[in-house]
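Colleague: Starting from the given sequences, assemble the full structure and let the hints guide the process.
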Amino acid sequence: MQCVYHLITAVFLILTFVEAVDRSNFKTCEQSSFCRRCRKTAPGRSNFEIAPETVQVYETSVKADLIDASTSVKYKLELTALADATYRLTVDEEKPIKERFKVPFVLLPVTTEPLEVLEKTSEKIIVKSGENKVIVHYAPFKLDCFSHDELVISANSQGLMKFEHQRRKSDPNPARPEGENLEGEAGDDNKLNEVQEDPGAWEENFKSHHDSKPYGPTAVALDFTFVNAHHAYGLPEHAETLALKSTKKGDPYRLYNFDVFEYEIHSTMALYAAMPFAVGLGKKASGIFWLNAAETWVDVAYTPDSEANNVMSSIVNFVSGSQTDEKTKKVDLHFMSESGIIDVFFHLGPSPHDVFRQYTKLTGTSFLPPYFSLAYHQCRWNYNDENDVFNVAENFDKYDIPMDVMWLDIEYTDGKKYFTWDEHKFPHALEMVYNLTTKGRKLVVIIDPHIKRDSNYFLHNDAENNGYYVKNKDRKDYEGWCWPGSSSYLDFLDPKVREYYASQYSTFQGTNTDVYIWNDMNEPSVFNGPEVTMPKDCIHYGDVEHRELHNIYGFMQTLATYDGLLARGKGMKRPFILTRSAFSGSQRYAAIWTGDNAADWTHLQISYPMCLSLAISGMSFCGADVGGFFGNPNPELLVRWYQTGVFLPFFRGHAHIDTKRREPWLFDDQTVELIRQAIRLRYSLLPLIYTTFYEHTITGLPVIRPLWSEFPQDVNTYDVDNQLILGSSLMVRPVQEAGVSSVNVLFPGHNELWYDLRSYQAYKPGSIEMPVDISTIPLFQRGGSILPLRERARRSSVLTLHDPLTLLVALNSNGTATGTLYLDDGDSFEYQKGQRLYMKFEFKDNVLSSSFLSDTSYDTSSWIERVLIIGASSGPKHATVKSASVNGNVEVMYNSGTQVLMIRKPAVKVTEEWSIILH
Numbered sequence: 001m002q003c004v005y006h007l008i009t010a011v012f013l014i015l016t017f018v019e020a021v022d023r024s025n026f027k028t029c030e031q032s033s034f035c036r037r038c039r040k041t042a043p044g045r046s047n048f049e050i051a052p053e054t055v056q057v058y059e060t061s062v063k064a065d066l067i068d069a070s071t072s073v074k075y076k077l078e079l080t081a082l083a084d085a086t087y088r089l090t091v092d093e094e095k096p097i098k099e100r101f102k103v104p105f106v107l108l109p110v111t112t113e114p115l116e117v118l119e120k121t122s123e124k125i126i127v128k129s130g131e132n133k134v135i136v137h138y139a140p141f142k143l144d145c146f147s148h149d150e151l152v153i154s155a156n157s158q159g160l161m162k163f164e165h166q167r168r169k170s171d172p173n174p175a176r177p178e179g180e181n182l183e184g185e186a187g188d189d190n191k192l193n194e195v196q197e198d199p200g201a202w203e204e205n206f207k208s209h210h211d212s213k214p215y216g217p218t219a220v221a222l223d224f225t226f227v228n229a230h231h232a233y234g235l236p237e238h239a240e241t242l243a244l245k246s247t248k249k250g251d252p253y254r255l256y257n258f259d260v261f262e263y264e265i266h267s268t269m270a271l272y273a274a275m276p277f278a279v280g281l282g283k284k285a286s287g288i289f290w291l292n293a294a295e296t297w298v299d300v301a302y303t304p305d306s307e308a309n310n311v312m313s314s315i316v317n318f319v320s321g322s323q324t325d326e327k328t329k330k331v332d333l334h335f336m337s338e339s340g341i342i343d344v345f346f347h348l349g350p351s352p353h354d355v356f357r358q359y360t361k362l363t364g365t366s367f368l369p370p371y372f373s374l375a376y377h378q379c380r381w382n383y384n385d386e387n388d389v390f391n392v393a394e395n396f397d398k399y400d401i402p403m404d405v406m407w408l409d410i411e412y413t414d415g416k417k418y419f420t421w422d423e424h425k426f427p428h429a430l431e432m433v434y435n436l437t438t439k440g441r442k443l444v445v446i447i448d449p450h451i452k453r454d455s456n457y458f459l460h461n462d463a464e465n466n467g468y469y470v471k472n473k474d475r476k477d478y479e480g481w482c483w484p485g486s487s488s489y490l491d492f493l494d495p496k497v498r499e500y501y502a503s504q505y506s507t508f509q510g511t512n513t514d515v516y517i518w519n520d521m522n523e524p525s526v527f528n529g530p531e532v533t534m535p536k537d538c539i540h541y542g543d544v545e546h547r548e549l550h551n552i553y554g555f556m557q558t559l560a561t562y563d564g565l566l567a568r569g570k571g572m573k574r575p576f577i578l579t580r581s582a583f584s585g586s587q588r589y590a591a592i593w594t595g596d597n598a599a600d601w602t603h604l605q606i607s608y609p610m611c612l613s614l615a616i617s618g619m620s621f622c623g624a625d626v627g628g629f630f631g632n633p634n635p636e637l638l639v640r641w642y643q644t645g646v647f648l649p650f651f652r653g654h655a656h657i658d659t660k661r662r663e664p665w666l667f668d669d670q671t672v673e674l675i676r677q678a679i680r681l682r683y684s685l686l687p688l689i690y691t692t693f694y695e696h697t698i699t700g701l702p703v704i705r706p707l708w709s710e711f712p713q714d715v716n717t718y719d720v721d722n723q724l725i726l727g728s729s730l731m732v733r734p735v736q737e738a739g740v741s742s743v744n745v746l747f748p749g750h751n752e753l754w755y756d757l758r759s760y761q762a763y764k765p766g767s768i769e770m771p772v773d774i775s776t777i778p779l780f781q782r783g784g785s786i787l788p789l790r791e792r793a794r795r796s797s798v799l800t801l802h803d804p805l806t807l808l809v810a811l812n813s814n815g816t817a818t819g820t821l822y823l824d825d826g827d828s829f830e831y832q833k834g835q836r837l838y839m840k841f842e843f844k845d846n847v848l849s850s851s852f853l854s855d856t857s858y859d860t861s862s863w864i865e866r867v868l869i870i871g872a873s874s875g876p877k878h879a880t881v882k883s884a885s886v887n888g889n890v891e892v893m894y895n896s897g898t899q900v901l902m903i904r905k906p907a908v909k910v911t912e913e914w915s916i917i918l919h
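Residue numbering for the sequence shown follows UniProt numbering, starting at 1 and increasing by one per position.
It is possible that some hints are incorrect.
In silico DSBU-like links for lysine-lysine, alpha-carbon gap of 35 Å or less [claimed, not checked]:
1) Lys102 to Lys245
2) Lys439 to Lys573
3) Lys496 to Lys570
4) Lys40 to Lys471
5) Lys877 to Lys909
6) Lys877 to Lys329
7) Lys398 to Lys573
8) Lys840 to Lys573
Treat the hints as calculated values from the structure; they're not laboratory data. From a predicted model like this one, the values you see are computed outputs, not experimental measurements.
Modeller: Okay, here's the thing in C-alpha cells:
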C-alpha cells in the first residue's frame, strides 16, 4: 500500500507542478445537468404565481402559497423585513418527500423590523419598512425592491425562476411509501418528461464517476436585476477581474469549492471558496446574498450589451410588466443551485458602505486578529527539520528583516497523520516553539481534514469506532485518496465530531498556545474523486447529502478549529486560523489566501481583484502567496510581489516543495535590500492596519477597498482593480508589470487631494502616468486624513507594541484632517472588557488634538515621537504642547520645497488627551 501511495503522490505532484490546470477534470455548465436545465429556461412569463387568497400579513413578514402553474405543485413563500434596509425571501416546498437542506452556521441572529402594508389588492401587495418598500406581484410572481422610492432590485422579472420539486423517478408502477406526498404529481407529466429528457437529471456520469441522485432533480434558480446599475461585483472566488463580466458567450460563474492547481487567470471556473454575494453599483448601490451551500452557477448580463440583448430586454419587459425600459443600464444575475431552498437577502443600500454593513450584520465581520498575524509570515512546503526552522529564523535576524511567524507544511507530521510529529525531523517540537517565542515569534502548522486510514493512528481509530466519518451512498465510511494515501473525511456537520475535533488541539503534543493552525485541502480535496473532490451522493449527519452542503465543508472545519483553539487558550487568547476553503461567514473564524498561484506576472496582477472581491464579500483578511506558489520568480518579480503583498491584510511568502529556496537573503544585495524595505514598510503600517481591522469589526467596512467603495459617484473607478485603498485614506497602485518605467495611476474623487508619500507632491483627481523604478511603490495619502505609524525597526511585531508613534497629517483643501488609532494587548479578548485605547486625532485651525472615542483602561508606554503635517502652506515658528503630563514648546521644522512641517518629539502620551498648538 505504501508503494502505491508514493507512486500516486509522485505522479500527482509531477502533473500539478508541470502543467497548468487540466480543464477536462472540471465540468462546464453544459456538462452539468442542473446548470444545463436551468440555463435553458427561456425568459418570459413565469409559471410561478401567488394565490391571492393565501396572502397573510404578520407584524414583520408576509406569507403566501406560491404555485407552479405548470405542475400545480405548491410552495411556501415568506418575505421578511430585517433591520437596516434588508429583506429576506424564502421559498420552500410545502410537503417535500425529504426536508430540503437549510444552510446552518452562516447567519448571525437576525433582527426583524415591523412591516407596514401600503396597498393590498388581488394583483399585488406593497409593504414598507423604514424608508424602503417592496412590491410583490402575484401573477406572474415578481418582487420589486425600492430604496427611498427608487427601484433598485427586481427578482424574477425575466421569469427564470425554477424550483424542481422532489418526486420519485417515473415508473409504470411506481412504488410509493405509504403516506408519501403525491400532490402535484398527477398533473405534471409534461414537466416530468422535460426532466427525463435530460440524461443527467436522475443520475449523472462525469468521466469515470457516477452520481446516483437518490432524490432526483432538485434544482432551484431565480433571476435578479440590479436596476440603474453600471457594474456588479462579488461572487468570489474566481481568478477574474473585480467587476463581473458578462457570461453571455461563455460559462456562468461557478461557485463550487475545488482544489485547483496553478489556476487559470481570467476564468469563471470555480476555485477554493464560494461566497454567493453580489453588489450592484450605479447611482445607488444594492446587494444580493443567495444563501445556498450547494453547487451554484451564476449568469451575468449587462444592458445595454448588444443590439440583440436590447431587443430581448424589451421583449422581456413587455411580457413581464417590468418597470425598467430597454435603455436603462442594468445588470442581470441568474443564480442556479443544484439543491436546497431559495433563501435570498436583498440589501438596499443606498451606498456601498451601507451594503457592506447590511451584509456583515447577517454573516459577521472578520475577527479582530492577533497583532502578530498582521505582520510578515514565512512559509515553505516544507521546512525540513528543526535546524532548518532555527536557521531560517536566525537569518531573518542576521539580515535585519522583520518576521513574525514560521510555518510548517505537511512534512512535519508522522506520515501525514495530523496532530502528530515526525520524531526524526522534529524530536523537540516544543523546544523549537520556545526558541521562536523567546524572540517574539510564533509557529503555524497545517492540519488538513483528510484522515489517514491507518490502524496505528489514534484519530482514525477513534473516528472509525465512533462513526465520525462521512459515509458513501452505501452508508459505509467513505474512502478517497489524498496526501496520506487512503483517507476518510470527518463529518463536521455532526456536533459530536466538531466537539471531538476541537478537543484535539488541547491535547496536541509538542504545541502550546503560541502554535496556530492552517486548515488546507478542505474543499475537501480528494485526488481520485469527481472533480478532485467528494462525491455528491456521500451522506452526512442527519441524512444530508454532500451535494447539499459541499460549499460549507471547509467552513465547518474552521468553525471546529476555532472552538478548539479558543478552548485551548481557556477563552483568553484570540485564535488565528488560515483556511483555503470558505463560505460566507467564514470570516468570523479564519483568514484566507488565494491558493496555489504561480510565479507569474499575471498571477501577481490578479491578486488584488481576487482579494478585493473577497473583502467586499465580508472576508477582508486575505492574501496571496508572495512570490507565487509554483515556479521560480526572478528577482524583479519577487521584489514586485513583496511590494504588492505589503498592502494585503495577510502577508506571507510561500513556495512549492519543488521550487528553489527563495528566502530573501538568497538573492543579490539590491533584491535583499528592496525586500527588506518592503517588509519594514509593512511593519510601520501595522498600527494603521490594526486600527482599520478594529473599525471593520464595528462598521463592517472592508479593510481593503476598491476605489469605487469610497468614491461611488466617480464612474472612472468602476473598472479599476490594480489599485486599492487601505481603510479610507491610504491608496496604493503597486507596480505589477515587468520592465516598466511608468505606470498609470487614477486619483479618484472630485475635490480630493492625494499626497505621494515619497515626494509629498499633491495630486488632484484624474489619471496620470507616473515614472517608476525598481524601488518605487506608488503610495498616496488622502488629504484630510491622519495615519498612525510605528517606524522603529524590530525583529517582530510584539516588540513594537509599546514603541512610539509617528502621525502623518495630510491636509485637505480646507486645511483640516482627522484620523483614529486603536491599541490593545494584541493577543487576548480583554479589549472586549474595556482594555483598549481608541483615539481620534483632529487638525483644525493650526491645532492638532486627540480625544477618546471610547472609555479606556489600556495602559501603554507608547507616545507621539514625530508629527508630519503634509500640505502645510507655511511654516509656523513654534509649537506648544498641552496635556496632563506635558506642557511647553517643542521644535518645529518646515520644508518649503515639500510643504511638510515636522514637529519633533512632542512626547505626549497616547493614553491621554492632548493638543499641539502651532503659532
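Colleague: Each of the hints needs a verdict: does it hold here or not?
Modeller: Against the structure, the hints:
no.	hint	result
1	Lys102 to Lys245	holds, 30 Å
2	Lys439 to Lys573	holds, 19 Å
3	Lys496 to Lys570	holds, 20 Å
4	Lys40 to Lys471	holds, 34 Å
5	Lys877 to Lys909	holds, 23 Å
6	Lys877 to Lys329	violated, 56 Å
7	Lys398 to Lys573	holds, 31 Å
8	Lys840 to Lys573	holds, 27 Å
Figure legend: structure checked against the earlier numbered hints; the only hint not met is number 6.
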